[in-house]
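Protein chains: 2
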Amino acid sequence: MNINLAMVGSTGAVGQEVLKILNERNVKINSLKLLASKRSAGKTIEFRGEKLVVEEATPDSFENIDVAIFSAGGSISKILGPEAVKRGTVVIDNSNAFRMETDVPLVIPEINPHAIHKHKGLISNPNCSTIQMLVALKPLYDYSKIKKIWVSTYQSVSGTGTKAIKELKELSQNALDGKELNPKVYPKAIAFNVLPHLDVFQPNGYTLEEMKMVNETKKIFEDEEIIVEPTAVRVPVINCHSEAVTIETEKEITPQKARALLDAANGVCVMDNIEELIYPTPLDVAGKDDVYVGRIRKGFIAQNALSMWVVGDNLRKGAALNAVQILEYMIDKECIKW
Amino acid sequence: MNINLAMVGSTGAVGQEVLKILNERNVKINSLKLLASKRSAGKTIEFRGEKLVVEEATPDSFENIDVAIFSAGGSISKILGPEAVKRGTVVIDNSNAFRMETDVPLVIPEINPHAIHKHKGLISNPNCSTIQMLVALKPLYDYSKIKKIWVSTYQSVSGTGTKAIKELKELSQNALDGKELNPKVYPKAIAFNVLPHLDVFQPNGYTLEEMKMVNETKKIFEDEEIIVEPTAVRVPVINCHSEAVTIETEKEITPQKARALLDAANGVCVMDNIEELIYPTPLDVAGKDDVYVGRIRKGFIAQNALSMWVVGDNLRKGAALNAVQILEYMIDKECIKW
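If you read the protein sequences in the order shown, they are chains A and P. Taking this note's numbering, the leading residue of the first sequence gets 1, the next gets one more, and so forth. Taking this note's numbering, the leading residue of the second sequence gets 1, the next gets one more, and so forth.
Each hint should be verified, as a subset may be incorrect.
Under 8 Å between C-beta atoms, here's a sample of chain A residues computed to sit facing chain P [unchecked claim]:
id, residue
1, Q173
2, L176
3, N182
4, P183
5, K184
6, P187
7, F201
8, V233
9, Q256
10, A260
11, L277
12, I301
Result set (SDA-like, lysine to any residue): computed pairs, CA atoms no more than 20 Å apart in a straight line [to be verified]:
id, chain 1, residue 1, chain 2, residue 2
13, A, K169, P, K166
14, A, K337, A, P113
15, A, K298, A, E248
16, P, K218, A, M271
17, P, K147, A, A302
18, P, K166, A, K148
19, P, K145, A, E110
20, P, K78, P, E50
21, A, K188, P, K179
22, P, K20, P, E250
23, A, K148, P, E250
24, A, K169, P, L261
25, P, K148, A, P113
26, P, K188, A, M271
27, P, K148, A, E110
28, A, K179, P, I238
29, P, K166, A, N174
30, P, K147, A, G73
31, A, K179, P, D284
32, P, K148, A, G178
33, A, K148, P, E248
34, P, K179, A, G287
35, P, K169, A, A305
36, A, K148, P, L277
37, P, K148, A, K169
38, A, K179, P, K188
39, A, K288, A, E110
40, P, K179, A, E170
Note that these hints are calculated values from the structure, not bench results. No residue lacks a Cβ here, since even glycine has one placed at the ideal position from N, Cα and C.
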């Protein structure tokens, strides 16, 4: 296949990571078009030895583009996504815009690649915190149905974008210097603080970030009965989300069994030896493709309960890598056209 | 009553907080003896206009001392605690040394002050993360028995002591300057990172910090059936612990009812209005006496489930303030002698 690819949001944190990953994985493409907002148009970015000029994304940008990866926020996806599809482009969208629409596959390639074949031009990349949780849980789910999931997240600022990374660094320096903290990106200072607030609050008291985990889990696992109880929290970490996860399963899964199942799975790395103080942290996992799992232990909360600690690079597996893996699958299976 | 008080660990983070709180609350004492390690002996600390010289803590330091507050770590408590008791001193111990011993009351004054009366010279202050969780849950428990608690903590470094605060600041500055991070206090760098590891690992895969929450909750609530499922995590925050808590109760407690119950309770402050983006964070709560509760919402995980976000100053209510409140109760009820 000879793919003409476009990247919408090519100057952002995820866009930059997509370009890096296309290179690292040597994804075969015919041409790459870099798209962004008007503000970023004219910038040049090097890709495979060529200097590419970033263009403003408009509906006509998608003429002759086979696949476009979108990572420029939900409102851009809502406006330009359908325009791209109208022009015959398959959109792999990293935003929340279409995820819960019935005819839009929501895909983690390790879990439900079959869903890709049903696409009608739009494919959604799940939320970062959902992806890493489900990559870690799928091998367990395949052994025994999971009935309930409790999850508390420790989410880095890179998911918000480069401006949030800048804010964390600036406010941290201000705090160390005893200066005032004036947050702009987040509603409260993120330096040396934690905020139980990601994305907008919903009428039921949960945040949209939390409800993404509740609803996307059901769609990806194709299991309307699975219950997720989430608390999503932003922490002063540059990159990589961490999650404290407890599950209740139908059959018992011992910690030993869980380690064996995860060891045998794609995309997961078990990093779990408490005697040697081995467990994953964000600084260990940044830049890694796998989702790392540690602190696997039998839970107290139910007869068949298991607790664990899951860390993933939210820019990579949580966003850019997952999108590129969807692209690779479509190239491999030649299922781009619909 | 005319109390001669000693503070063991008077130069540490909790010791300093105890002195501040004795002053703020105008606790009536006859004399104050400042004790610490040999290394700190000779330092002077001002208290109520007087310059007091810190003395090395030895068994004989407790002659003529009515009450001693210990906050110098478990091994010091184990050595000097019984020596103090032998000399007629009541020990209020902030360490883990005696908490689970049958004849040692484990006390949160808002919850089980009656236990103080049974002391035999030793009274234990519970673990910081347990105290704030139970202060927030007790008013709910009194309305409906709580069957299960899931809790993930976001714990500040101040609980480890002043050297950990220094390490967080130094490593953060090094990270901002692009220098190497060489952790000494924690096994991994705490700057811009989170560590799912507080206190030592137990054979069951939980940390001692987590097992404190499991076991102390049963003892303080006098309920052997209550189940706690904890994950304790250190975050790069100077002071104040946060907790994501979900409970399953026997009777339904609606969020409205929970807010009313907490509003009416001592030691709790409801800070919960998501429409106005009002919820507690560590930077909001540092220096406050109350435990702050926000993000109260109906849980998904069980018919009668409730989730919430609990923030408390771990140096104050989590340690120093709780100890001083125990002292105040003993003075008020004249129950120092046993």
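These are the hints, each one checked on the structure:
no. : hint             : verdict
1   : Q173             : 6 Å, holds
2   : L176             : 6 Å, holds
3   : N182             : 13 Å, violated
4   : P183             : 10 Å, violated
5   : K184             : 15 Å, violated
6   : P187             : 5 Å, holds
7   : F201             : 4 Å, holds
8   : V233             : 7 Å, holds
9   : Q256             : 11 Å, violated
10  : A260             : 16 Å, violated
11  : L277             : 5 Å, holds
12  : I301             : 4 Å, holds
13  : A/K169 to P/K166 : 18 Å, holds
14  : A/K337 to A/P113 : 16 Å, holds
15  : A/K298 to A/E248 : 10 Å, holds
16  : P/K218 to A/M271 : 32 Å, violated
17  : P/K147 to A/A302 : 11 Å, holds
18  : P/K166 to A/K148 : 41 Å, violated
19  : P/K145 to A/E110 : 42 Å, violated
20  : P/K78 to P/E50   : 31 Å, violated
21  : A/K188 to P/K179 : 28 Å, violated
22  : P/K20 to P/E250  : 41 Å, violated
23  : A/K148 to P/E250 : 19 Å, holds
24  : A/K169 to P/L261 : 40 Å, violated
25  : P/K148 to A/P113 : 37 Å, violated
26  : P/K188 to A/M271 : 15 Å, holds
27  : P/K148 to A/E110 : 34 Å, violated
28  : A/K179 to P/I238 : 16 Å, holds
29  : P/K166 to A/N174 : 16 Å, holds
30  : P/K147 to A/G73  : 42 Å, violated
31  : A/K179 to P/D284 : 17 Å, holds
32  : P/K148 to A/G178 : 42 Å, violated
33  : A/K148 to P/E248 : 13 Å, holds
34  : P/K179 to A/G287 : 19 Å, holds
35  : P/K169 to A/A305 : 38 Å, violated
36  : A/K148 to P/L277 : 29 Å, violated
37  : P/K148 to A/K169 : 39 Å, violated
38  : A/K179 to P/K188 : 28 Å, violated
39  : A/K288 to A/E110 : 16 Å, holds
40  : P/K179 to A/E170 : 17 Å, holds
The structure fails hints 3, 4, 5, 9, 10, 16, 18, 19, 20, 21, 22, 24, 25, 27, 30, 32, 35, 36, 37 and 38 (numbered hints given earlier, in ascending order).
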